[in-house]
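Can you make the complete structure from the sequences, with help from the hints?
Note that the protein sequences, when read in sequence, are chains A and P. Heads up: the first sequence at position 407 corresponds to 407 in this note's numbering, and the numbers run straight through without jumps. Heads up: the second sequence at position 237 corresponds to 237 in this note's numbering, and the numbers run straight through without jumps.
Note that these hints are calculated values from the structure, not bench results. Worth double-checking, as some hints may not be accurate.
[What the hints assert, rightly or not] Covered, in the sense of this in silico footprint (three residues per stretch, anywhere, with C-beta under 8 angstroms from a C-beta of chain P), are these stretches of chain A:
| hint | region |
| --- | --- |
| 1 | 255 to 263 |
| 2 | 317 to 324 |
[To be verified] Residues of chain A clear of chain P, computed beta-carbon distances all greater than 10 angstroms:
| hint | residue |
| --- | --- |
| 3 | 41 |
| 4 | 123 |
| 5 | 235 |
| 6 | 241 |
| 7 | 273 |
| 8 | 435 |
All figures in this text were calculated on a predicted structure; none of them were measured in a lab. All C-beta atoms, glycine included, are put in the ideal place defined by N, C-alpha and C.
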Amino acid sequence: MLLDVVDDGTLTTELLAPNWTPSRTWWPLFVISGALSILFFVAIGVTLGRGIGAWGNNIPVAWAYGIVDFVWWIGIGHAGTFISAFLLLLNQRWRGSINRIAEAMTLFALVNASLFPLLHLGRPWFFYWLIPYPATTGVWPNFKSSLPWDVAAISTYFTVSLMFWYLGLVPDLAAARDCAPSLLRRRIYGIFALGWRGRATEWRQYRLAYTLLAGLATPLVISVHSIVSLDFSITQLPGWHSTIFPPYFVVGAIYSGFAMVLMLILPIRRVFGLQRIITKQHLDNMGKLLLVTGSMVAYAYVCEAFVAWYSGDPFERYTVFFARPMGPYAIVFWVMTVCNVITPQFFWSSRLRTSPIALFIAGMLIWAGMWMERFIIIVGALNRDFLPSSWHFYAPTWVDWSLLIGSIGLFSLLFLAFLRWVPFVPVSEVKRLRFEERRDAA
Amino acid sequence: MRTAMREIRLLAEFGNAAQLIAAVERLRRERYHDLETYTPFDIPELDANLGLRRPRLGWFVLAAGLAGLVAAYGIQWWANVHSYPLNVGGRPLHSIPAFIPATFEGTVLAASLASFFGALLVLRFPKLWSIEDEVPDFYRSSIDRFWLAMHTFASDHDRAHAEQLLKESGALRTIARVGTEWQSVGRSLILIMVLFAGMNACSDRVGQGFDWKRMRAQPRYEPFGGSRFFQDGMAMRTPPPGTIPREAVSTSFDTAAVDTATLSRGANRFQVFCAVCHGVAGNGNSVVGDNMLPIKPPLLTSAPVVRLGATQLYAVITDGFGHMPSYAAQLTPADRWAVVAYVRTLQRGSAR
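Structure representation (structure tokens):
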């Protein structure tokens with residue numbers, strides 16, 4: 001497909017053009033996401049000012065939207081690393097066109113994900129107590145608790161993702177520096193390009209460092225959602241206390257992230273006319289990945305039910321077979337099941353796999369479905385614990401909703417900024433792909 | 001890098017990657033070495049013919065990863081076993097499975113930082129200017145042109161031959177010589193000298209060079225120094241009679257002024273602020289005091305504390321001592337004296 005492009009120069013100019021002139025849809029989207037981000041910050045302000053009481057949480061539902069949103073966002077981030085690191089190690093060349101977008105998605109999802117547990121602390125300004133440092137109080141974090149594990153996992157994940165993303169970006173920033181239409185832009189991109197000149201020695205170090213980071217990010221991404229799942233499975237609560245949680249969470253995370261990647265690349269492909277770069281082949285592969293991860297998630301659901309039955313624990317059985325499908329949140333449970341289990345099964349059809357509309361709709365359904373899954377796991381387990389006398393129906397407040405919707409706004413804002421100022425298609429990798437295609441054709 | 005400080009004696013521009021690969025291969029066959037290429041995308045096919053050594057970044061990353069592993073585990077051990085042992089439901093203090101998650105993350109974090117910053121270090125990045133930038137249109141090396149630089153030649157004839165080879169391989173153009181980066185160093189030196197000349201002009205004594213001493217030799221009096229200005233020949237003045245230091249406003253303690261109101265105020269303040277650690281009776285019997293490590297708060301009724309003067313007790317409350325922080329923000333000077341008076345009462349009570 002890349003063979004159709006006249007030459008490397010045209011290819012570079014075309015791919016970098018969105019960085020010089022915004023598309024017509026950019027400003028309206030920017031204003032909308034800006035407004036939603038303001039809502040987000042207002043909700044944060046209310047949370048800080050009035051305390052966690054502004055949320056709907058109350059004992060026994062001590063964890064609700066804050067943790068649901070956290071698990072959901074961090075899970076979305078996982079697909080970005082999966083696409084860029086796993087597929088790089090597996091030599092999947094097609095990843096080249098979409099990996100930058102997926103990595104940016106990871107970063108911005110992590111920004112949101114790290115905000116929620118901080119807000120949930122109640123006194124976020126003391127968050128540094130979670131970091132082991134020699135305090136004058138002589139008090140240290142308790143590493144037998146899962147909270148310091150989360151801190152280690154999220155901060156490591158964010159740092160590694162940022163370095164991986166930035167290192168991959170350096171050659172393209174150099175291209176942007178050399179194509180930029182004004183001196184100021186040349187200077188700014190030049191500073192961020194660090195002085196990249198494309199020497200063979202530079203490429204060689206780059207290749208090694210990039211592969212090393214990919215190799216490190218791959219086990220890291222598995223560890224992060226495993227640690228998140230341990231927050232739940234190390235407790236005694238029925239519906240949480242389960243050994244299948246780490247793989248179940250990791251698969252679910254990657255699944256939700258693929259859904260989000262589709263929701264991002266399909267509009268980008270259309271708006272920027274990138275059909276030659278993000279081809280039908282990409283859509284087909286993404287459809288297959290949805291099918292695979294979706295089926296794995298369905299398998300995890302079945303396993304969870306089986307283990308609940310096999311355990312013989314009446315509380316576990318009650319939670320899985322009665323409280324979820326027939327309890328107060330039954331509607332959420334059934335919508336989730338349809339979204340997450342039924343939707344991907346349509347992609348056995350190759351026609352649907354290559355249809356942008358079908359993929360986009362499926363992406364949205366799964367994206368929302370995975371949020372509901374976290375809601376069912378967290379609130380669904382907490383609102384009916386061992387003692388029926390303490391059962392409590394949880395309902396979110398406007399602050400909860402504003403934090404959820406506002407975080408989507410903040411994500412969009414960051415992502416739009418990324419599309420506007422950062423080369424969002426890996427130009428050098430696409431040029432390499434074009435070179436290989438031409439060589440193979442010759 | 002290798003080429004950074006070196007003169008480029010031949011530079012060739014190619015229109016596509018295949019020609020560059022072929023040219024490098026040909027030069028290699030003809031035993032030319034010391035080549036460098038500049039390409040818009042990664043061409044691993046070039047590596048063998050450029051004779052690049054295998055980078056050793058991997059070993060550095062391994063070492064950093066192991067260091068991260070040891071550090072992360074060590075911090076957890078130090079914190080939870082040694083420095084602040086906390087009994088959580090009778091679980092062992094040294095809990096290996098619970099230490100695994102943070103240890104793993106520490107390992108990955110250190111190794112990743114080493115890969116990223118190690119690569120930057122090896123490449124001497126950031127490096128915003130390089131000699132090749134002076135070549136017109138060289139910037140296209142990041143877009144659609146492929147450049148080749150050669151540094152050493154046995155003779156002029158040798159170089160002419162190389163140039164011929166490059167042209168035969170399809171080079172769009174060749175450039176004979178690009179200066180070294182030392183030129184830029186020279187330029188910076190000139191700039192720095194011009195700046196110094198400018199500073200020189202700011203001196204009072206134009207033309208006598210920059211007066212370095214002026215910043216050190218200031219016309220001022222040293223404390224306890226002599227003065228020719230004052231009649232007594234001393235630089236420091238005696239404060240007017242009756243002056244007291246600001247901190248000393250309430251360092252006077254009149255035992256006669258202690259009445260029941262003061263004592264009950266002192267008791268109240270003591271129970272709010274002091275008793276949490278020192279115990280309600282000042283005997284150190286408190287949950288916080290019992291668990292304080294490594295040193296427990298001293299018994300207020302013990303002989304060494306009884307021997308302390310009232311002003312010393314006041315100073316400890318004001319400034320803190322050892323693990324005890326300052327309570328100046330919580331207690332007004334009058335309250336502090338009241339607390340001192342109450343502590344004295346406690347001491348007398350326990351002696352009886």
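Status of each hint after checking the structure:
| no. | hint | verdict |
| --- | --- | --- |
| 1 | 255 to 263 | violated (count 0) |
| 2 | 317 to 324 | violated (count 0) |
| 3 | 41 | 29 angstroms, holds |
| 4 | 123 | 20 angstroms, holds |
| 5 | 235 | 13 angstroms, holds |
| 6 | 241 | 16 angstroms, holds |
| 7 | 273 | 20 angstroms, holds |
| 8 | 435 | 5 angstroms, violated |
Of the numbered hints given earlier, the model fails hints 1, 2, 8; all others are met.
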